Amino acid sequence: MNLHSLLMKRNHEKGPLRIGLIGAGKFGSMYLAQAGSTAGIHVAAIADLVPARAAEALRRTGWRDGQGTAVSVADALAKGTTFITDDAPAMIASSGMDVIIDATGSPSAGIAHVLCCCRHGKNIVMVNVEADALAGPLLARRAREAGIVYSLAYGDQPALICEMVDWARACGFKVVAAGKGTKYLPVYHRSTPDTVWSHYGFTEEQLATGDFNAKMFNSFLDGTKSAIEMAAVANATGLLPPRDGLRFPPCGADDLPRVLKPRADGGLLDEAGQVEVVSSLERDGRPVYRDLRWGVFVTLTSDNPYSMRCFREYGVVTDGSGRYTALYRPAHLIGLELGISVASAALRGEPTGSARDFTGDVAATAKKDLVPGDLLDGEGGFSVYGTLLPARESVLAGALPIGLAHGVRIVRPVAAGQTVLWDDVACNAEDETVKFRREMEAAFKEK
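Everything in the sequence shown is counted per my numbering, starting at 274 for the first residue and increasing by one.
Please note that the accuracy of each hint is not assured.
[As the list claims (entries may be wrong)] Computed beta-carbon distance windows for the label pairs: (1) Gly671 to Met274: 42 to 48 Å; (2) Arg516 to Glu286: 50 to 56 Å; (3) Met489 to Leu276: 26 to 32 Å; (4) Arg516 to Ala351: 55 to 61 Å; (5) Asp467 to His285: 52 to 58 Å; (6) Asp642 to Lys488: 46 to 52 Å; (7) Lys488 to Met281: 40 to 46 Å.
[Claimed, not checked] Heads up, simulated SDA-like pairs for lysine to any residue below, C-alpha to C-alpha not over 25 Å straight-line: (8) Lys456 to Leu609; (9) Lys352 to Ser379; (10) Lys720 to Arg516; (11) Lys447 to Asp527; (12) Lys456 to Gly518; (13) Lys299 to Leu480; (14) Lys456 to Arg563; (15) Lys720 to Val668; (16) Lys488 to Asp371; (17) Lys287 to Lys720; (18) Lys287 to Gly622; (19) Lys287 to Ser379; (20) Lys641 to Leu694; (21) Lys641 to Ala487; (22) Lys488 to His462; (23) Lys282 to Asp371; (24) Lys640 to Thr692; (25) Lys299 to His679; (26) Lys299 to Glu477; (27) Lys299 to Pro362; (28) Lys718 to Asp630; (29) Lys282 to Glu623; (30) Lys488 to Asp467; (31) Lys447 to Arg585; (32) Lys299 to Ser471; (33) Lys640 to Asp517; (34) Lys720 to Ala702; (35) Lys488 to Phe655.
Simulated from the structure, these hints should not be mistaken for lab results.
As the structure is a prediction and not an experimental result, all values here were calculated from the model.
Backbone N, C-alpha and C fix where the C-beta goes; we use that ideal spot for every residue, glycine too.
Let the hints inform the model, and build the full structure from the sequences given.
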């Protein structure tokens with residue numbers, strides 16, 4: 274609870290933290306909106322494949338005219354301005370940078386950026402949870418070996434969940450479940466970019482007024498993004514994925530301790546210590562009372578009767594037994610909160626969540642019958658969605674990770690609803706991202 278004072282101390286003694294941002298999309302823009310008013314922070318460089326997008330992000334988020342006019346990182350550091358480039362590796366390699374933020378959403382780009390940070394000794398904050406779900410355990414290990422911080426992004430739900438889990442464990446509670454809310458119905462698993470807007474209820478007029486990416490929105494709706502985020506949480510906390518994928522039970526804030534407890538005690542969990550996502554919709558489409566669509570939660574318990582008595586005395590909602598309770602946060606501010614990760618990595622040397630083991634994995638699952646010759650189009654597309662599985666089950670089955678289910682062709686039929694396997698597709702074994710993932714799988718099998 275002293276990051277602000279640490280930022281002030283750093284700013285007074287050495288000047289501001291020097292930040293490099295990769296990706297000037299929505300998340301990156303949200304960070305820029307707050308970074309400009311955070312004392313002790315200097316966004317020295319922004320890398321984007323379309324540099325004009327970075328310049329527009331600075332303008333849109335309220336930075337002064339001329340902020341993005343630096344001609345190099347060195348020029349930006351000297352003048353307090355920002356260098357805009359399309360060369361992320363060169364930006365990472367530049368001297369003087371303290372923290373790199375990857376906000377690209379591309380698994381292959383994310384892996385490359387982390388490895389580049391390892392080579393050049395730069396701490397990295399991974400907004401790119403897609404890369405973390407694909408290869409986070411190995412990326413985090415490489416970062417530790419290189420002596421840098423590899424961190425999930427505060428403000429995004431996985432890091433907020435990790436914080437709640439850490440808080441509960443540090444207080445001596447047993448974590449029963451942790452996760453987030455979302456809008457979910459079983460039919461959404463079959464949603465495509467052509468049907469996504471009807472599920473969201475957006476009108477043609479609304480779509481015409483904004484920058485709406487159908488695949489991105491669909492990845493949230495069809496369950497893929499939830500699976501990716503919960504894999505990141507499982508790998509960072511050691512909490513287990515459900516055995517057959519996320520169940521998305523309808524559940525409001527007041528019902529968390531009743532629903533998210535072990536089946537043996539009347540709940541829905543296979544066992545204590547799992548990740549799960551709760552739906553803001555009942556299965557018939559009615560809204561859940563006091564839903565947590567935008568929130569995060571942890572359910573917990575104590576074996577101490579005195580502690581359980583305190584739950585009741587201080588108005589904490591419990592299940593009928595009084596043993597299980599829950600705390601939650603109803604909303605998250607996404608990129609507006611990212612500065613917490615930046616300051617923690619640079620000033621404390623601590624991540625706000627980081628993979629420590631390969632516990633959860635996200636397998637590609639067919640949305641429709643797939644036949645030889647079909648080209649998979651990845652997260653949020655027409656062909657597959659992501660299913661969270663225990664890593665051991667996924668790897669031993671030879672499941673194709675969702676992060677590699679893009680631009681590869683089917684070579685064997687896969688029925689709708691079935692897991693796509695490595696052997697079902699023609700992957701380029703020499704692709705660097707494929708090789709990195711295979712290295713992680715091989716290390717896992719050797720355990």
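Which of the numbered hints above does this structure break?
Result: hints 6, 9, 16, 17 and 19 break, sorted rising.
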